[in-house]
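Engineer: Sequences are here, hints too, so could you generate the full structure?
Take a look at the letters that make up each chain.
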Amino acid sequence: MNKFKTVLTAGALALAPMTALAEDSSDPIVIPIHNWSSQIVMSHVVGQIFETMGNNVEYVTTDSQAVYESVRLGDVTLELEVWEGAFGASFRAALEKGGLHDAGDHNAVTREDWWYPMWTKDACPGLPSWEALNDCAAVFATAETGDKGRYLDGPVDWLKHGQERVESLGMDFVVVNAGSAAALWAEIGAAEADKRPVVVFNWTPNFAEAVWPGEFVEFPMWVDGCDKDPAVGPNPDALYDCGNPADGYLKKAAWDGMKDKWPGAYEVLTKISFTNPQIAEMARLVDVEDLEPEDAAAEWLEANPDVWKSWTS
Amino acid sequence: MADVANGLKVTATGPAQWTRGKVAVALVAVAVVLTVLRYVGLLPDALFRIPEAMIPPAAVWLDAAFNFVKDDLGLLALTRTLTEGLEWLLDITANLMFGKRRWPFLGPIPWTAVAGVAAVIGYYLDGWRMAALGAGTFIWTALIGQWTIAMETMSVLMVAAPLAFFIGLSLGILAWKHAWVNRAIKPILSVLQTLPFFTYLLPAVIFFKVGPTAGAVATTIYAIPPMILMTTLGLQKVSPEVVEAGNMSGCTKWQLLRHVYLPSARTEILVGVNQVIMLCLAMVVLTAFIGMPGLGAKLLAMMGSFKLGRSFEIGVTIVLLAVMLDRMSKAWVVKQPEHFERDTPWWRRHWYLVTGVAVFVFFCIAAQVVPVFAEIGRTQNFSQGKEIDTLIKAFLALDPVQNTTQMIRYVLNVWILNPFRDFLLSIPTPAFILLVTAFALSLGGKGPAIYAAIFFGLVALSGWWDRSVITLYSVISAVTLAILIGVPLGIMASRSEKWSRRALLACDTAQTFPSFIYLIPAIMLFGVTATSVVMSILIFAMVPLTRYTIEGLRTVPPEMTEAADMAGATRMQKLISVQLPLALPTMAVGFNQAIMFAFFMVIVAAFIGTQDLGQELQRTLAGTDLGKNFVLGICVSLMALTFDLTIMKWATHRKKALGLPD
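Respectively, the protein sequence lines represent chains L and G.
If you read the first sequence in the numbering used here, its first letter stands for residue 1, the second for the next number, and so on.
If you read the second sequence in the numbering used here, its first letter stands for residue 1, the second for the next number, and so on.
The set of hints was computed from the structure by calculation and includes no laboratory data.
Every residue, glycine too, gets a C-beta built ideally from N, C-alpha and C.
Hints should not be assumed to be uniformly reliable.
To be verified - SDA-like mimics (lysine to any residue), calculated; alpha carbons at most 20 Å apart, straight line:
id: 1; chain 1: L; residue 1: Lys195; chain 2: G; residue 2: Asp625
id: 2; chain 1: L; residue 1: Lys148; chain 2: G; residue 2: Thr390
id: 3; chain 1: L; residue 1: Lys148; chain 2: G; residue 2: Tyr410
id: 4; chain 1: G; residue 1: Lys386; chain 2: L; residue 2: Glu289
id: 5; chain 1: G; residue 1: Lys393; chain 2: L; residue 2: Glu192
id: 6; chain 1: L; residue 1: Lys195; chain 2: G; residue 2: Thr405
id: 7; chain 1: L; residue 1: Lys97; chain 2: G; residue 2: Trp415
id: 8; chain 1: L; residue 1: Lys97; chain 2: G; residue 2: Ile206
id: 9; chain 1: L; residue 1: Lys195; chain 2: G; residue 2: Thr390
id: 10; chain 1: L; residue 1: Lys148; chain 2: G; residue 2: Pro419
id: 11; chain 1: G; residue 1: Lys393; chain 2: L; residue 2: Trp119
id: 12; chain 1: L; residue 1: Lys195; chain 2: G; residue 2: Leu398
id: 13; chain 1: L; residue 1: Lys97; chain 2: G; residue 2: Phe207
id: 14; chain 1: G; residue 1: Lys70; chain 2: L; residue 2: Leu73
id: 15; chain 1: G; residue 1: Lys386; chain 2: L; residue 2: Asp295
id: 16; chain 1: L; residue 1: Lys148; chain 2: G; residue 2: Phe207
id: 17; chain 1: L; residue 1: Lys97; chain 2: G; residue 2: Ala64
id: 18; chain 1: L; residue 1: Lys195; chain 2: L; residue 2: Pro213
id: 19; chain 1: G; residue 1: Lys655; chain 2: G; residue 2: Pro557
id: 20; chain 1: G; residue 1: Lys393; chain 2: L; residue 2: Pro213
id: 21; chain 1: L; residue 1: Lys97; chain 2: G; residue 2: Asp625
id: 22; chain 1: G; residue 1: Lys386; chain 2: L; residue 2: Asp290
id: 23; chain 1: L; residue 1: Lys195; chain 2: G; residue 2: Asp389
id: 24; chain 1: G; residue 1: Lys393; chain 2: L; residue 2: Asp295
id: 25; chain 1: L; residue 1: Lys195; chain 2: G; residue 2: Pro400
id: 26; chain 1: L; residue 1: Lys195; chain 2: G; residue 2: Ala394
id: 27; chain 1: G; residue 1: Lys393; chain 2: L; residue 2: Asp194
id: 28; chain 1: G; residue 1: Lys386; chain 2: L; residue 2: Trp119
id: 29; chain 1: L; residue 1: Lys195; chain 2: G; residue 2: Pro521
id: 30; chain 1: L; residue 1: Lys195; chain 2: G; residue 2: Phe395
id: 31; chain 1: G; residue 1: Lys393; chain 2: L; residue 2: Glu289
Unchecked claim - Computed beta-carbon distance windows for the label pairs:
id: 32; chain 1: L; residue 1: Asp194; chain 2: G; residue 2: Asp466; range: 32 to 42 Å
id: 33; chain 1: G; residue 1: Val33; chain 2: L; residue 2: Glu164; range: 38 to 48 Å
id: 34; chain 1: G; residue 1: Gln402; chain 2: L; residue 2: Glu131; range: 45 to 55 Å
id: 35; chain 1: G; residue 1: Thr509; chain 2: L; residue 2: Ala138; range: 19 to 29 Å
id: 36; chain 1: G; residue 1: Arg129; chain 2: L; residue 2: Lys121; range: 52 to 62 Å
id: 37; chain 1: L; residue 1: Ser129; chain 2: G; residue 2: Leu391; range: 51 to 61 Å
id: 38; chain 1: G; residue 1: Leu75; chain 2: L; residue 2: Ser129; range: 50 to 60 Å
Structural biologist: In structure tokens form, the structure reads like this:
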């Protein structure tokens, strides 16, 4: 069985350079899925596009940081959502080791920063400016933080530097790190009941936008080098004294072997580019409409043929 | 044996024990002096915490060792070959259970056929009730729209559980045959049983590829220890008469094992099987972190998008599967093999097998005609996710609930937990080790005390001292609260047969319900704070405390309670002076398990947000930091083992002293 596979692969690899129109291998293209809905649906959308082209597709659940190591080794074939802020570091590390490459950007931009649900504005009308936020820090105080406000940051391993920013901008906030995305939602969900003001870490595109309308806090505009050169930004002696970039990239990554093994699918992958509204719509189908990801993907493909048909032709 | 007898003498005779107590007091005194010195600022920093420079770079060494074994000795190549074999097996079950496009291209088996066969097996094992449970579980799974994901999980467990069984059985036999294997295996098993699961996961991914293969391997490793222990125990118990009979009838060594030893040890081996199944199910959610598909992965995705209702339904499915498999395997333990008269026709001897096959074939054919029998479509299921969601959220938002939890949160966080944590962190490292040693000495004696000193010394040298102390603090706080709630509950429930049974059922359910699901309501009630962490551990740690309190109290010899009644004791007097002292050794086992469970759960609680070892472990999972991952895991394991050794030693002593059976 395996020998057979190897022979097939070897054959495909040998033939690939001869003609650009070489057949895609019949081995399944392995698409990783993670634990947030937009990525799961997008993976199914792309998987189903590949299937219409006659490819075999398989999905495997993986950790969103560890996945780059797997792409590099060819255990999985591609990754559809490389967030600049969240996964940029892992992606670049894998890129340096070799084995995977950048397969182009989506049209969508990503943003990750301090965020609040709309009802918070009632208690702190000056928002979204960060100075206004700091002035009503007491509104965000809890039993444990005394008279300082409480900011719930993402998990420590997301490296969001909330603590550094509080220090560099001299804010009256205590930074608490949640342990997982689920913990962030639970806090917002609990605050929703009695419309308690909260400020937490959040990002876009994300399902949360559909469930809880809200806004990002406007920090001093991101300037390149803000994380490396203390002189950059309002505080001349500190790093991280700016907000995060408001237009981070959203990339696709591919295993180096994909180009040769599935030339057709690879060609399509490089053309694929989703926009923010399209991604939000995919997430909405699952998170609000309660569809299963496979069905949401099928529905999305049915509703938007003009978007994806141009990539395959 | 001599060792135990000696130990008993020590406990029994006054002066010896007094010496032990004296040493313990001296240790505590030194610790107090050190701490006070620290407070007044006289203690040099080097004695407060081991200086960074003196900490051996264990993680770096381990990494080098791992890399050597992995690449230079070719272990990775070997395991990757094994992976292919394992993948082949997993592909077969995956094809059969949920129709993955792999050889043999037969599946998926229609859900009705699976449910039907489960009913026949249930009926064979224990009559109609079991049949209803078997079929009911699968019907629920199909109707709720979780069939495919549940079968993804089952397809891996179907490979992992038998694998764990065979490896465990073989190792168990080896350990029983050769004393040196037994000696070598015992400490490894103790470490394995206390090692946090995150430490299994990373090597599993590196050596066995992300996905179901790594999931199967991690599950197998996690489930092996009890199988080994039970096999060895069962084989040791086989009576010499039976073996002699085997010898007399001229058995070869192999025949003796196959036809004499193993059948005689049947009960223990089947208890081992039961344990294997339960541990496999406990790993369903955790292995989702390394790409195992199925119920666990879905649960994590649901929690990631704040869908409490759907998460809850998945939890129910996991509990149902666990309860069904648990009851069935227990019924199998009790069921003795049936023997037939000579010349009974084949179909009569294998009546249930024939029925099972017939039911299976019937539904497979029926499914071709009636599509609902084959698969319940996405829009046809009865999932009430949204409604349950609303219900849970409405309950959590009720004013009385909110007010109570706000108060608990305030009192616990501000007055108890945070000050307690800061206090523990303010104790100098050597003083802390002395305190733990004194505890082990006064409870367990010299042996455990030496281990305690060595183990905590190693933790101090690992360079993760503060995080270890925070981990320990969560465990101690949660277990203390669990005792305050769980033990009285157990005492009350033990008064009547009916309530005991109900409480034990509740314990079973709480234990198999995926612990992750507790986390979200805990956060919604108590925020991302220490209280949430302690509360979610508390639920889990209460289970063994309540269970063993009930068991301890109900197995107090009736002569004893009668004697107390005759002496005219009130119910309270009887409880305090007769029942509780006699039940205490058993309760200690529960206490020990509570601590082990707490160490397990404190790692899971990293998902709420902690600053302990669990958080660091969770962080390593995303990378390839094997060395650091291992060091962190060992820290948890060493602390857990210290308590395990001490408490178990104490319980054995007490039992011996009270003349109770083990």
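Engineer: Please go over all the hints and tell whether each is borne out by the structure.
Structural biologist: Verification of the hints:
1. L/Lys195 x G/Asp625: Violated, at about 42 Å.
2. L/Lys148 x G/Thr390: violated (33 Å)
3. L/Lys148 x G/Tyr410: holds (16 Å)
4. G/Lys386 x L/Glu289: Within the cut-off at roughly 10 Å; holds.
5. G/Lys393 x L/Glu192: holds (10 Å)
6. L/Lys195 x G/Thr405: The hint holds at about 17 Å.
7. L/Lys97 x G/Trp415: Distance of about 50 Å is beyond 20 Å: violated.
8. L/Lys97 x G/Ile206: Given that 20 Å is the threshold and the Cα spacing comes to 16 Å, the pair holds.
9. L/Lys195 x G/Thr390: holds (17 Å)
10. L/Lys148 x G/Pro419: holds (19 Å)
11. G/Lys393 x L/Trp119: The hint holds at about 18 Å.
12. L/Lys195 x G/Leu398: holds (13 Å)
13. L/Lys97 x G/Phe207: Distance of about 19 Å is within 20 Å: holds.
14. G/Lys70 x L/Leu73: Since the Cα atoms of G/Lys70 and L/Leu73 sit roughly 16 Å apart, the hinted pair holds (cutoff 20 Å).
15. G/Lys386 x L/Asp295: With a Cα-Cα distance of about 18 Å, the restraint between G/Lys386 and L/Asp295 holds, given a limit of 20 Å.
16. L/Lys148 x G/Phe207: violated (47 Å)
17. L/Lys97 x G/Ala64: holds (19 Å)
18. L/Lys195 x L/Pro213: holds (13 Å)
19. G/Lys655 x G/Pro557: holds (13 Å)
20. G/Lys393 x L/Pro213: Distance ~18 Å between G/Lys393 and L/Pro213 Cα, so the pair holds.
21. L/Lys97 x G/Asp625: Answer holds: L/Lys97 to G/Asp625 is near 16 Å, not above 20 Å.
22. G/Lys386 x L/Asp290: holds (8 Å)
23. L/Lys195 x G/Asp389: Holds. L/Lys195 to G/Asp389 sits at ~18 Å (cutoff 20 Å).
24. G/Lys393 x L/Asp295: violated (27 Å)
25. L/Lys195 x G/Pro400: Satisfied, since the Cα-Cα distance of roughly 17 Å is no more than 20 Å.
26. L/Lys195 x G/Ala394: holds (14 Å)
27. G/Lys393 x L/Asp194: Since the Cα atoms of G/Lys393 and L/Asp194 sit roughly 12 Å apart, the hinted pair holds (cutoff 20 Å).
28. G/Lys386 x L/Trp119: violated (23 Å)
29. L/Lys195 x G/Pro521: Measuring from Cα to Cα gives roughly 18 Å; hence the hint holds.
30. L/Lys195 x G/Phe395: holds (16 Å)
31. G/Lys393 x L/Glu289: holds (18 Å)
32. L/Asp194 x G/Asp466: 32 to 42 Å: holds (36 Å)
33. G/Val33 x L/Glu164: 38 to 48 Å: For L/Glu164 against G/Val33, whose Cβ atoms are near 40 Å apart, the range 38 to 48 Å holds.
34. G/Gln402 x L/Glu131: 45 to 55 Å: violated (32 Å)
35. G/Thr509 x L/Ala138: 19 to 29 Å: For L/Ala138 against G/Thr509, whose Cβ atoms are near 44 Å apart, the range 19 to 29 Å is violated.
36. G/Arg129 x L/Lys121: 52 to 62 Å: holds (58 Å)
37. L/Ser129 x G/Leu391: 51 to 61 Å: At 39 Å between Cβs, range violated.
38. G/Leu75 x L/Ser129: 50 to 60 Å: holds (57 Å)
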